[in-house]
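Enquirer: Here the protein sequences line up with chains A and B, keeping their order.
The first sequence begins at 0 in numbering that gives the first Met the number 0 and counts up one residue at a time.
The second sequence begins at 0 in numbering that gives the first Met the number 0 and counts up one residue at a time.
No lab work stands behind these hints: they were computed from the structure.
Just so you know, even glycine gets a beta-carbon here, dropped at the ideal spot from N, CA and C.
Any given hint could be a false lead.
Claimed, not checked - Straight-line C-alpha distance at most 30 Å; calculated DSSO-like pairs for lysine-lysine: (1) B:Lys101 to A:Lys74; (2) B:Lys13 to A:Lys22; (3) B:Lys57 to B:Lys70; (4) A:Lys74 to B:Lys191; (5) B:Lys191 to A:Lys103; (6) B:Lys70 to A:Lys37; (7) B:Lys70 to A:Lys106.
As the list claims (entries may be wrong) - Every beta carbon over 12 Å from chain A, so not counted as near; a handful from chain B, in silico: (8) Gly40; (9) His93; (10) Pro107; (11) Tyr151; (12) Leu168; (13) Tyr171; (14) Arg184; (15) Gly202; (16) Glu205.
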Amino acid sequence: MVELHEGPVTESILKIVLEYAEKHNARTVNKVSVVIGKMTGYEESPIRFYWEALSSGTVAEGAELEVIYTPISVKCQSCGEVYEPEDQYSLFCPNCGFYGGEIKSGKELFVDSIEID
Amino acid sequence: MSERVEVHQNILDKNERIAEENRSLFEKKGIFVFNVMSSPGAGKTTFLVETIKRLKDKYRIGVIEGDVSSKVDAERIASTGVPVVQVNTGGACHLDASMIQKALTHLPIDNLDVLIIENVGNLVCPAEWRLGENLKVVLLSIPEGDDKPIKYPLMFSSADILLLTKIDLFSYFNFNIDQVEKIVRGLNSNIKIMKISSITFEGFDEWLNEIERRIEEVRK
């Protein structure tokens, strides 16, 4: 089976979580919060699918996974308007219709925090 | 009572670290590295075979060939006589920096001027996995359609050079080059865009001049 691109990313999330859990002598991990910019295109449902499969048998098994999406913010290259498109496929300026510009945010991808016992 | 631990760690951090190790090794050895990406069937391998034939008398070239499985492409590259390592990602849809690090142990890196990495055919995943390369080249073939930059903006926003390939087929397709250029520059104002054909060799001189200029810049 060819992996979805959420596979390796979820693997990285789990590695970071286990590393921090071990550093803090966690018996269990109750919750994991990750921040994902909408520009990256990573979808929540396959991340959850991989999370369940990969975390099974580790201290993070059964942990609640919170996925916080940050909006895309674009500064239009033509008129300078700063706008927040719905997703990465609709980077058309609502003011002048021009496509694209400087991506000011929406590429975030990090583990924010974990809750442990 | 549950304890909250702040993490704030980038999910791709580990890859970034290894990519940085690769980059510094390439710099030390004076190797110029370019990463070639596109969807499957855009003509990466044919393009690279023709490029290698024209550069191999001037530079010592090595190739890392990424594919989900099979070694068909590696055999085609090997026919040019340059050293090539096949990396089968075993299902993964892109190459990552650690795969490059391992592949390097099979290449004569003390005797290379240029390393070409042919990534897995995919316009989604390879965009975010830095390998330690100097340059990212994306191919978009005319038959694929002019909507690709809107569908895969991240790939086009991170590339240094966009090659519109199979330009010899232009008259058969309804492909709006001006529109593509406008959209891609909207994502990436620094990108260099060229039109080429690996069959008629239209645009090949311009591409070779550009890549040689970039190679010389790094080797200086």
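Enquirer: Failing hints, ascending?
Expert: 1, 6, 7, 9, 11, 14
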